[in-house]
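Residues per chain are reported as follows:
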Amino acid sequence: MNQDHLSLMEGKRKFLFCADSQGVRSLYILVSQAIDENAPFDFHIFQEESEESFVDEWISHQKMGTYLYISGAVDFVKRIQNKALKIGFTEHDFQSLPIGPAKKKLVCCTCHGESEVDVEPHITCAHCGLELEVSDHYSRRLDAYLGYVTIR
Amino acid sequence: MHRKSTLDVRIKSIKKETATIKRFTLKEMNGSKLPPFSGGSHITTYLPKKSGTLERSYSVFNLSEPGLIEIAVRLAEPSTGGSDYWHHRVSEGNVLRISYPKNHFPLSFQAKHHVLYAAGIGITPFLSMMAELAEKEQSFELHYAAKSKEQCAFYDYLNETYPGHCHFYFSEGEKPERLTVNILKNHRIGTHVYFCGPEKMIQEFTSAAKNFGYPEFNVHYERFAPPVMKDSVPFGITLNQSGKHLSVPADQSLLDVLRQNGIDVPYSCRVGGCGTCEVKVAEGEIDHYDSFLTEEQRDSNQMMLSCVSRGKGNLVLDL
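Protein sequence lines correspond, in order, to chains A and V. At position 150 of the first sequence the residue is numbered 150 (full-length UniProt numbering), and the sequence of numbers has no breaks. At position 70 of the second sequence the residue is numbered 70 (full-length UniProt numbering), and the sequence of numbers has no breaks.
Keep in mind the hints are simulated off the structure, nothing from the lab. Here the structure is a predicted model, which means the values were calculated and not measured. Treat each hint with caution, since some may be false.
Claimed, not checked - Computed spacing ranges between beta-carbons, pair by pair: (1) A/Cys-128 to V/Gln-252: 56 to 62 Å; (2) A/His-5 to V/Ser-148: 50 to 56 Å; (3) V/Lys-312 to A/Gln-33: 33 to 39 Å; (4) A/Gly-113 to V/Glu-135: 34 to 40 Å; (5) A/Lys-63 to V/Glu-135: 25 to 31 Å; (6) A/Lys-63 to V/Lys-312: 35 to 41 Å.
We put the CB at the ideal spot given by N, CA and C, even for glycine.
Turn these sequences into a full structure, and let the hints guide you.
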């Protein structure tokens, strides 16, 4: 669901751009593309977390064919994503770009214990001591990645 | 444990729903229950004819008692054999062979709202889907187009069972009303749409949904007849393993030709909807007519569904 860059989707009826102060820059190119293509869009920049109460109402009134872009700090992106998913957006209806290092939750395939990882490809499970490989196998339910047994 | 791949069933009752639609209720031979099925499932019926067995698939539903399976068949004109058989050669008490229920048209479990679009006999898969949605207390609506109230099968049943969920469009009569694609513009985010009806309706609605920006993921449809291919032309195939060259005539499918030549490609729906008969393509240009592969898979030019899709010129298959 998280991208390392964003691209403007073709054939959408409307775009929603949603950013915090850190994510604004990464959306400007897309916004100007939307303007060039005469595509309808809404652009909201949220300075404070308290302003986000408006998001639910904003996105829940959208019709099918709307496409959402989220960019900002890791926590901001996660909060907006969760709201969007709850309302009915799926990974087919949005792209998001977190700014800055994101910690991942890793679930050990053996003991199911959770660890936090930054960028390292291997870690030692803090719960059972098994050496784990950080996979890209993501569980939305657990909001975590699966840690496989490292085979050397 | 060995299980027979088909079931023998007895025709319990036949009811005329409209001038051209009959509803058949099937029951198990020994009185036990027929297998349960999920919303959108269908069965294949095996109709014995002198010229060979006709295989025809119909959506299943159950508006009567548990353990029965019902289908509704519209007499097609001209009939390719199936509906003529059901309407003119099947009587109450007859025994017929059917497949176990299969589902190539399931409901999305991620949808926040389901909108079902039916035209004519296309209502049948929605009867079981609506039963499932109502049971799970999920949000749904039906839009159903027919020529008139008299020709609208299950009109009273739908109105009584799902009040407030059903919208009807009758194209004939005093105040003719048409179901148009513009209605797709109004569905809220998180909606999944389902289309069943004539080929033209399915094409019109799926392409409109795409134009309005719906992801493919939110659009579902089911065909019971292969897509109509105008100007179908013959093409050649070369089989990679044996080097054998075969030709596929305009009036036959690749699947038919492969099976006639002893290549046992598995198949199920034969209308390009289930993916069972997929074959790998090594070289050549493919004309896709299926409704199963994703756009990326089609663009890869590495696979095709042999029941409906065709080649341009010559194809080299990994067979």
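Hint by hint, here is what the structure shows:
no., hint, verdict
1, A/Cys-128 to V/Gln-252: 56 to 62 Å, "holds (60 Å)"
2, A/His-5 to V/Ser-148: 50 to 56 Å, "holds (55 Å)"
3, V/Lys-312 to A/Gln-33: 33 to 39 Å, "holds (36 Å)"
4, A/Gly-113 to V/Glu-135: 34 to 40 Å, "holds (39 Å)"
5, A/Lys-63 to V/Glu-135: 25 to 31 Å, "holds (28 Å)"
6, A/Lys-63 to V/Lys-312: 35 to 41 Å, "holds (39 Å)"
The structure meets every hint from the earlier list without exception.
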